[in-house]
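Asker: Spelled out, the chains give:
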Amino acid sequence: AQSVTQLGSHVSVSEGALVLLRCNYSSSVPPYLFWYVQYPNQGLQLLLKYTTGATLVKGINGFEAEFKKSETSFHLTKPSAHMSDAAEYFCAVTYNQGGKLIFGQGTELSVKP
Amino acid sequence: KAGVTQTPRYLIKTRGQQVTLSCSPISGHRSVSWYQQTPGQGLQFLFEYFSETQRNKGNFPGRFSGRQFSNSRSEMNVSTLELGDSALYLCASSGVGTSGLMGETQYFGPGTRLLVL
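These protein sequences, in sequence, are chains A and B.
Using the working numbering, you'd call the opening residue of the first sequence number 1 and step up by one each time.
Using the working numbering, you'd call the opening residue of the second sequence number 1001 and step up by one each time.
Rather than coming from a laboratory, the hints here were simulated on the basis of the structure.
Any given hint might turn out to be false.
[As the list claims (entries may be wrong)] One-sided excerpt, in silico: chain A residues whose CB lies under 10 Å from chain B:
hint : residue
1    : Val19
2    : Tyr36
3    : Gln38
4    : Asn41
5    : Leu46
6    : Thr51
7    : Phe63
8    : Ala86
9    : Thr94
10   : Ile102
C-beta: ideal position from N, C-alpha, C; glycine also.
Pulled out of the complex, with its shape left as it was, chain B reads as follows:
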């Protein structure tokens, strides 16, 4: 099985624009979570989707939104970008990993690095 994939890997936007990031989970995983990583705030949970429904949500403003499709692929959208949105955005899918060694847990993709100018 392939791992979690995220596109694009790097992105540069300007303030006020919007951006959409994509995540494809490990085959068979139905849950996808998103995290924001910044030097100041560390790793923070954004939201989790399971079977196309948002199951859990972190403390981020409404500018941050997401969705999940019937094939479990997920997108997150950030509208009206601010400088502080510059971060590494990580997607994780939950289930048994590709090797099967760790059992059911969250597996992370390589992330999308967003720079807002």
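In isolation and in its complexed conformation, chain A is listed as follows:
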């Protein structure tokens, strides 16, 4: 069965530091990959997605992610954390656009002043 693993349920960084949130998926078929962010008491907002083509994907709010097929990874990065980045982040995978999303367990990002 397909699965998504997010390493680290909680990540804490200082404001201005690099953000790195890890995501690995299990699949023998290249999937479509997504990162979503969830602020308290809100739904999920799409940060970025990978479908085909360029493996480095740029998203909103300065986030980007790189698809590495050999490592089955899709880690999310941001060069400089901002206080407003504090939220929960979910990595997700699907095998047909618009289809069933399989989510990781989420990583809560804290940003210290």
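Dock chain B against chain A, hints included.
Answerer: Coordinates of chain B only, in the frame set by chain A:
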């Protein structure tokens, strides 16, 4: 275009009751999916509807059901509520988003938070 809307936003029910949640997709989107979010199980797929037909289904008991109308609006129903049904229920519609920047993908509503007492 307006985003995905869900009503009601909050709901309190007691065990044994039933509940109906509503979702209006982004205009022009024909696919609607439902997800359950709990602290213990995370985000889990319930079902997907496309053009009024259930196209995909997750591993939930038959107490969970849904439907989609000709205008793409969708409802999900949970009968005989259990304490474990307390969750945030998220609806997502698939298509091009309101800004057009992300292309075709799933866009989520704010969710309905259900508390079962």
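Asker: Evaluate each hint against the coordinates.
Answerer: A quick look at each hint next to the structure:
A least Cβ separation of about 20 Å between valine 19/A and chain B goes past the 10 Å threshold, and the interface hint is therefore violated. Because the beta carbon of tyrosine 36/A sits about 7 Å from the nearest beta carbon in chain B, less than 10 Å, this interface hint is met. Using the Cβ-Cβ criterion of 10 Å, the hint placing glutamine 38/A at the interface with chain B is satisfied: the shortest such distance is roughly 9 Å. At its closest, the beta carbon of asparagine 41/A sits 8 Å from a beta carbon of chain B; the interface hint therefore holds under the 10 Å criterion.
The beta carbon of leucine 46/A is positioned within 10 Å of a beta carbon in chain B (closest approach about 6 Å), and the interface hint is therefore held. This hint holds: threonine 51/A has a C-beta 8 Å from the nearest C-beta of chain B, less than the 10 Å allowed. Against a cut-off of 10 Å between C-beta atoms, the interface hint on phenylalanine 63/A is violated, since the closest Cβ of chain B lies about 13 Å away. Because the closest C-beta pair between alanine 86/A and chain B is about 18 Å apart, greater than 10 Å, the hint is violated.
Using the Cβ-Cβ criterion of 10 Å, the hint placing threonine 94/A at the interface with chain B is satisfied: the shortest such distance is roughly 8 Å. Checking isoleucine 102/A against chain B by beta carbon gives a least distance of about 7 Å; that is within 10 Å, so the hint holds.
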